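Novice: Keeping their order, the protein sequence lines are chains A and B.
Going by the numbering used here, the first sequence opens with residue 1, and the numbers climb by one from there.
Going by the numbering used here, the second sequence opens with residue 1, and the numbers climb by one from there.
Just so you know, these hints were derived from the structure itself, not from any lab.
Quantities reported herein were computed from a predicted structural model and do not represent experimental measurements.
Positions of the beta carbon are idealized from the N, C-alpha and C atoms, including for glycine.
Where hints are given, some of them may not hold.
The calculated lysine to any residue pairs, modelled on SDA-like cross-linking and capped at a C-alpha distance of 20 Å, are [to be verified]:
#1 A:Lys86 / B:Thr107
#2 A:Lys86 / B:Ala281
#3 A:Lys91 / B:Ile232
#4 A:Lys91 / B:Lys188
#5 A:Lys86 / B:Lys186
#6 B:Lys125 / A:Met55
#7 A:Lys91 / B:Asp167
#8 B:Lys186 / A:Ile239
#9 A:Lys242 / B:Val166
#10 A:Lys91 / B:Ala237
#11 B:Lys188 / A:Asp187
#12 A:Lys242 / B:Glu242
#13 A:Lys153 / B:Asn239
#14 B:Lys188 / A:Lys242
#15 B:Lys186 / A:Leu215
#16 B:Lys188 / B:Lys255
#17 A:Lys190 / B:Ala240
#18 B:Lys186 / A:Glu191
#19 B:Lys186 / A:Arg188
#20 B:Lys186 / A:Lys91
#21 A:Lys86 / B:Asp167
#22 A:Lys91 / B:Pro10
#23 B:Lys95 / A:Lys190
#24 A:Lys91 / B:Val166
#25 A:Lys86 / B:Lys125
#26 A:Lys91 / B:Glu242
#27 A:Lys86 / B:Val166
Covered stretches of chain B, as calculated for chain A (at least 3 residues, CB under 8 Å) [what the hints assert, rightly or not]:
#28 166-173
#29 218-226
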Amino acid sequence: MSWLTNFVRPKIRALVRKTDVPENLWDKCPGCGQMIFHRDLEANLRVCPQCGAHMRIAVKKRLELLFDNGTYERAELPKVEFDPLKFRDRKRYSDRLKEAQSKTEEQDAIIVAHGLIGGLKAVVAAFNFDFMGGSMGAAVGEGLVAASDLAVKERAALIAIPASGGARMQEGILSLMQMPRTVIAVDRVKEAGLPFIVLLTDPTTGGVSASFAMLGDIHVSEPGAQIGFAGARVIEETIREKLPEGFQRAEYLLDHGIVDLVVARKDLPTELAKIIGLLTKQPKQEAA
Amino acid sequence: MPTFLDFEKPIAELEGKIAELRHLSNADDMNIAEEISRLQVKADKLLRQTYSKLTAWQKTQVARHPERPHFYDYVGALVEDFVPLAGDRSFADDKAIQGGLGRFRGTPIVIMGHEKGTDTTTRVKHNFGMAKPEGYRKAVRLMELADRFSLPVVTLVDTPGAYPGVDAEARGQAEAIARSIEACLKVKAPFVSAIIGEGGSGGAIALAAANHVIMLEYSVYSVISPEGCASILWRSATNAQEAAEALKLTAADLKALGVIDEIVPEPLGGSHRAKDQAIAALGDAIERALQSMHNQDGPTLREQRRDKFLEMGRRGLSA
């Protein structure tokens, strides 16, 4: 591979990138099969007006939705070019990274933002599923450490929003090491007496679910989100039978005592503000 | 005779021939004795040659060798007054993770680890070393016990990974692993981990967030099995050999990456060929590690452990 493929091609790709989806498109609901006018779906926060199925939402949209007036400040994260193994499968990891960076215009799969939710200080560490499936490598670990440090510094609640298939295997053992690393990060928030809330979104699996994402003071989930450790396919291959209906979905985890609440997307800001307000003993706020 | 791996076939043939000659001859026959010793020299040389340049995939095979010493072999040889402790106090006793109290070279410790079993019956009993939530919750309980009495913790890691099953998911496999990692990082006492065979992903790190992490020479430690990685990235499990290389899962690789602290050499041909020697060597390494932490207080050790893992992957990031 030459500088042409490594450098020029992503640049060109960025130039000729498809513009936003035309507004006249119809989306098909994966839940009920209903055709939904694209603009209606976006206006409804990508929730099917017919059956209430929650479809994945872009990370920036999610942040806008959560923070008061849609305003927040992004925390600067260290620039990362990290390929400790010089990993290569059918493609180089460094090329995959560059492609994801040019596709998403982000450095890696996590965004750290801070601002007010219901008038209360909050730091949000949100995964970007569009960036290599939200997989967790050193840069994502770094993001969680930075988010935790910021929460402690600002005496703010930390809200982690995983949307991830798990560890980024192209970083090998160092992606596994992000599990203890992120556990330490969120424990520092908890030890500082601050709330650590996890908002589990679709999907939260593998090394992400088996580390910081299951250590929240409170676990909130969006309806229908897939949450679990092992992938459904791996389990099916192990037990050699079909999985039960609704297995590893948010409601299943609620039934099994693993999440506290399943909350519709539109109600998240109020619900999160209520929880933070109660945990930090704030006086009752009138709805804005 | 040990079970031979596919790449050991030429060695197997030589050793087979030697065994046959031994069986046939009476020791007085000079010619046959000479032939045996000639073949023995050849076999040893071949073994040495083969093991001096094992690939990552071959090391993975050695790490999974059915006769490799397992948790109970180490406990039997290294721990006196062993008191096995069972159960997570809420659901069951997971046989895939075993542990208890004992005296290691004079010092009371808490020891735990994955047990894979040695034959069909025990492998099924121990679920091939694949733990369910109750296993990790037992580990948490034992680590909290160690913390309460300031007892050093020693863990022996040997698992293909956490068990992927409906029941495990229903009881919170992910949460159980997360809590176990957290518990490792909270113990205010010396904590030594040794990867003695397979260090399979989340199921391994759940017991391995230690002050001092040792790997046996032919053990492997990885975020995903080579087969799993190949089936995702190469779309075919047959590329496992390439995936094993790419994942850098050998002891030497992990030492170079700064993820582990020490490699303990194994007997020629792997630990299964000279179990006593292999077990004693690991025992010596654990003893040295515990001794080096002997004079440090619990909170300091805990902080050192946390600082170490907080830095993992930070090196190499350009500011």
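Novice: All the hints need checking, so say for each whether the structure fits it.
Specialist: Here's how the hints hold up against the structure:
1. A:Lys86 / B:Thr107: 43 Å, violated
2. A:Lys86 / B:Ala281: 33 Å, violated
3. A:Lys91 / B:Ile232: 13 Å, holds
4. A:Lys91 / B:Lys188: 44 Å, violated
5. A:Lys86 / B:Lys186: 33 Å, violated
6. B:Lys125 / A:Met55: 42 Å, violated
7. A:Lys91 / B:Asp167: 37 Å, violated
8. B:Lys186 / A:Ile239: The hint is violated at about 35 Å.
9. A:Lys242 / B:Val166: Cα-Cα ~10 Å, so holds.
10. A:Lys91 / B:Ala237: Answer holds: A:Lys91 to B:Ala237 is near 17 Å, not above 20 Å.
11. B:Lys188 / A:Asp187: 15 Å, holds
12. A:Lys242 / B:Glu242: 31 Å, violated
13. A:Lys153 / B:Asn239: 47 Å, violated
14. B:Lys188 / A:Lys242: Violated, at about 44 Å.
15. B:Lys186 / A:Leu215: Distance ~14 Å between B:Lys186 and A:Leu215 Cα, so the pair holds.
16. B:Lys188 / B:Lys255: 25 Å, violated
17. A:Lys190 / B:Ala240: 41 Å, violated
18. B:Lys186 / A:Glu191: 12 Å, holds
19. B:Lys186 / A:Arg188: 12 Å, holds
20. B:Lys186 / A:Lys91: Violated, at about 40 Å.
21. A:Lys86 / B:Asp167: 38 Å, violated
22. A:Lys91 / B:Pro10: 36 Å, violated
23. B:Lys95 / A:Lys190: The hint is violated at about 33 Å.
24. A:Lys91 / B:Val166: Measuring from Cα to Cα gives roughly 34 Å; hence the hint is violated.
25. A:Lys86 / B:Lys125: 40 Å, violated
26. A:Lys91 / B:Glu242: 13 Å, holds
27. A:Lys86 / B:Val166: Judged against 20 Å, a Cα distance of about 36 Å means the pair is violated.
28. 166-173: Holds, because 7 residues of the stretch 166-173 of chain B bring their Cβ atoms closer than 8 Å to Cβ atoms of chain A.
29. 218-226: Held - the stretch 218-226 of chain B has 4 residues with a Cβ nearer than 8 Å to chain A, which meets the minimum of three.
This entry does not satisfy hints 1, 2, 4, 5, 6, 7, 8, 12, 13, 14, 16, 17, 20, 21, 22, 23, 24, 25 and 27, going by the numbered hints stated previously.
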